[in-house]
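Order-wise, the sequence lines are chains A and B.
The first sequence begins at 1 in our numbering and counts up one residue at a time.
The second sequence begins at 1001 in our numbering and counts up one residue at a time.
Keep in mind that the hints were calculated from the coordinates and are not lab data.
Be aware that a few hints might be false.
Claimed, not checked - From chain A, some residues computed to sit far from chain B (all C-beta separations above 10 Å):
1) P8
2) L63
3) Y78
4) D81
5) G84
6) V93
7) M94
8) R98
9) L103
What the hints assert, rightly or not - Only pairs whose alpha carbons sit at most 30 Å apart, straight line, appear in this in silico DSS-like list of lysine-lysine:
10) B:K1074 to B:K1089
11) B:K1130 to B:K1033
12) B:K1037 to A:K23
13) B:K1033 to A:K23
14) B:K1142 to B:K1074
15) B:K1142 to B:K1131
Ideal placement from N, C-alpha and C gives every residue a C-beta, glycine not left out.
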Amino acid sequence: MRLSYLVPIVGGVAGFVAVYVSKLTLPDGLASYLSLAALAGLDSICGGIRSGLEGKFHDDIFLSGFLMNTLLAAALAYLGDRIGVDLFLAAVVMLGGRVFLNLSLIRRFWLTNRQLNRRRDAPSA
Amino acid sequence: MSVFSSPVRYRPWLSQVTILATILGALLALSLKTQDKLRELQIGGTRPGLLAGAYAELRGTSEDQRRQIAELRKQLGKYRDAAINDDSKAARMVNEELNKANLALGLQAATGPGIVVVLRDAKSVPPEIKKMPAEAQIELIKPYNIHDADVLTVINELRQAGAEAVAVNDQRVTPWTAIRCVGPTVLINNVPVAPPFEIKAVGNKDTMMSALLINGGARDTISEKDPQMFSVDKSDSLTLPAFAGAAPIRYSRSAPEGKADAALNSSEAQGKEGSKTLPGVAEAQNQKEKGK
């Protein structure tokens, strides 16, 4: 059961290695938008794991969230560059905050779960 | 059983998360690669060490070639002297003229009394400037460093005071010498030269000295921030090296007699396209009379 939680990480590493080894690159101008899209993706994945652990996972929300967040983050940053407002920073702050929040919730869940399991395993009086 | 501890069974969400995590990994890798590429571009080359090696090598060869030029020129002088050994007065006069011309052009090492000006960067920059953001610093730090313009100012002042030969860090200043900043160094005769700049000038010591030290003159403007940025000394015997190269004459030709006269006459109506001959000698004479 524990190991099954590692599968997303393995997937992530596999995707990372696959692209890193390949010759694929993007034009320089898109670098910052791509980074932002990656951050948004990270946020979605963390959110997905969290909701899955909490038993509130909805595949439609997860999928649309991943796609929309990545695209929107990049699009908003682009718009910000165009109109001279640094929306890039706003997106970074928001997404970064959410990643931290989700990670802390995942950690919380894991700790609570462990405690519950221990209590269950203990010989009942 | 609480909401948190969902029963251990097949979790459909895990597979979905895995798929998207794979995409995320790909995104991260792509972004990392692009950023790496950008970082490389900013350095300006993939292998700075290799470039530095190539640079040092080229510099060595150019140094060798310079030495070779000096050697060849010395030989040429010897041959010339030997050729004129036939004791004809005309030949000796021509040779004298040639030597003088070469001296004035900087194609021959010059020796004589003169002064030595040393320009160096200020020892320290006030801490309040160092604390400022980098962009604000650039402008404020300028007067603490020696720039190409400072070297040019001194050379200009020296020439105005009748300097006959000038050299900066043993780079002879010729009529075709350019002096300009490239990064932290200054290019003189296309040779990188770094501060402190030692400007040697052969000429009338006292005139040149007072031209530089006059109130509000070169010394005052250059050493505004730190008196040690500008120092000057008289010398009874200076030797300035010759320009290591040949006069780059590719486009100009000696003008025939008639055309030269026409240029002289039309010097009042300046800016005319008609004659491209320069009335240089007359102009210089005027300048000399005007100065001081």
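Subject >> Violations among the numbered hints, reported as their numbers in ascending order >> reply: When the structure is compared with the hints, numbers 1, 2, 11 and 14 turn out to be violated.
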